[in-house]
Amino acid sequence: MDKNFGGVIPEKPALPAVFRDLEDLVLQSGWTKGLERSVVDHVLGSMHERYVPTGGFVAQSGAPVQDWIGVISGLAKMSVTTSDGRLSTLIGAPPGTWFGEGSLIKSEARRYDVVALRPTRIALMPARIFEWLRETSIPFNHYLQHLLNERLAQFVGLLKSQRLQGTDERVAHCLATLFDSPLFQEPYFLEVNQEEVGLLANVSRQRANLALKRLEELSLIRVEFGGLVVLDMAGLKSFGREPS
DNA sequence: ACATTAAATTCGA
DNA sequence: TCGAATTTAATGT
Numbered sequence: 004m005d006k007n008f009g010g011v012i013p014e015k016p017a018l019p020a021v022f023r024d025l026e027d028l029v030l031q032s033g034w035t036k037g038l039e040r041s042v043v044d045h046v047l048g049s050m051h052e053r054y055v056p057t058g059g060f061v062a063q064s065g066a067p068v069q070d071w072i073g074v075i076s077g078l079a080k081m082s083v084t085t086s087d088g089r090l091s092t093l094i095g096a097p098p099g100t101w102f103g104e105g106s107l108i109k110s111e112a113r114r115y116d117v118v119a120l121r122p123t124r125i126a127l128m129p130a131r132i133f134e135w136l137r138e139t140s141i142p143f144n145h146y147l148q149h150l151l152n153e154r155l156a157q158f159v160g161l162l163k164s165q166r167l168q169g170t171d172e173r174v175a176h177c178l179a180t181l182f183d184s185p186l187f188q189e190p191y192f193l194e195v196n197q198e199e200v201g202l203l204a205n206v207s208r209q210r211a212n213l214a215l216k217r218l219e220e221l222s223l224i225r226v227e228f229g230g231l232v233v234l235d236m237a238g239l240k241s242f243g244r245e246p247s
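The opening residue of the first sequence carries number 4 in our numbering; numbering runs sequentially from there.
No lab work stands behind these hints, which were simulated from the structure alone.
Even glycine gets a Cβ: it sits at the ideal position worked out from N, Cα and C.
A few of these clues could be false.
[Stated by the list, open to error] Computed spacing ranges between beta-carbons, pair by pair:
| # | residue 1 | residue 2 | range |
| --- | --- | --- | --- |
| 1 | Ala112 | Gly169 | 12 to 22 angstroms |
| 2 | Lys216 | Val43 | 44 to 54 angstroms |
| 3 | Leu151 | Glu220 | 36 to 46 angstroms |
| 4 | Ser82 | Leu151 | 36 to 46 angstroms |
[Claimed, not checked] Computed cross-link-like contacts, SDA-like style, restricted to lysine to any residue with a CA-CA straight-line distance of at most 25 angstroms:
| # | residue 1 | residue 2 |
| --- | --- | --- |
| 5 | Lys240 | Leu167 |
| 6 | Lys240 | Ser207 |
| 7 | Lys109 | Ser207 |
| 8 | Lys36 | Arg131 |
| 9 | Lys163 | Arg131 |
| 10 | Lys109 | His149 |
| 11 | Lys240 | Lys109 |
Take these sequences, add in the hints, and give me the full structure.
Dropping the structure here:
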């Protein structure tokens, strides 16, 4: 039974754009730029896809690394657990993220837990194919350099915001770095509850709530039940550092 | 920590 | 299969 509220339709937030399947992800990823179509097809043929339910492991710390991993849809978090404590720092992996190349290059065991925050589909590229691309493709190597550089910048930025900015700024910064993907067009909904935001930004849930409301005041986001809508990603990114 | 509200699930017809 | 009742999860203060 649907009701008509005088033509006023409650607006549904747009869902984030997400990759359709493995092939869609690969074809749209930066590293296929400059690769021969035949090479891409060969690589595609070697890859497979895996579904990970909420709370499931995408990758486990200590496990041998067999694949380079890309996120097709859903959302995962990478967490580093300290040897003794349960204190873990978190990094988000939205669709389009590729990770694990560090351990692949050094051929060591995984150093992070990667856990699905919601039902997630991942793409797996076997280590041998990854190696083969590194050995034979300059464009692929250029992409890896770009990726590593980006990640370094992300870490530096994170460290900076943790050290010399207030809580609201940290929360804004975390949201921006974790969920900034060129695929996402504002406004888009993020299914992340306030407790998780707190974990990501290293603040209590209560404080995260205050920070989110503040960001809502500024029309950068809209707070909803069980998540939030990003209205202005650029604003989130620059929040807390006006002067150049 | 507590009160409130949204959503999900169960239950009875 | 519908909707009211109950339980669970998330929010706001």
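Structure-based check of all given hints:
For alanine 112 paired with glycine 169, a C-beta distance near 37 angstroms fails the hint of 12 to 22 angstroms. Evaluation of the 44 to 54 angstroms hint for lysine 216 and valine 43 yields a pass: the beta carbon distance comes to about 46 angstroms. Our hint of 36 to 46 angstroms for leucine 151 and glutamate 220 holds, since their Cβ atoms are close to 37 angstroms apart. Roughly 20 angstroms separates the CB atoms of serine 82 and leucine 151, a value that falls outside the hinted 36 to 46 angstroms.
Of the supplied pair hints, the one linking lysine 240 and leucine 167 holds, its CA atoms being roughly 16 angstroms apart against a limit of 25 angstroms. Of the supplied pair hints, the one linking lysine 240 and serine 207 holds, its CA atoms being roughly 21 angstroms apart against a limit of 25 angstroms. Distance hint between lysine 109 and serine 207 is unfulfilled; the C-alpha atoms sit about 37 angstroms from each other, more than 25 angstroms. For the suggested pair lysine 36 and arginine 131, the alpha carbons sit about 20 angstroms apart, so the restraint of at most 25 angstroms is met.
For the given pair, lysine 163 sits about 37 angstroms from arginine 131 by alpha-carbon distance, which is inconsistent with the 25 angstroms threshold. The hinted pair formed by lysine 109 and histidine 149 meets the criterion: a straight-line CA distance of about 18 angstroms does not exceed 25 angstroms. Using a Cα cut-off of 25 angstroms, the hinted pair lysine 240 and lysine 109 is violated, with the two alpha carbons roughly 33 angstroms apart.
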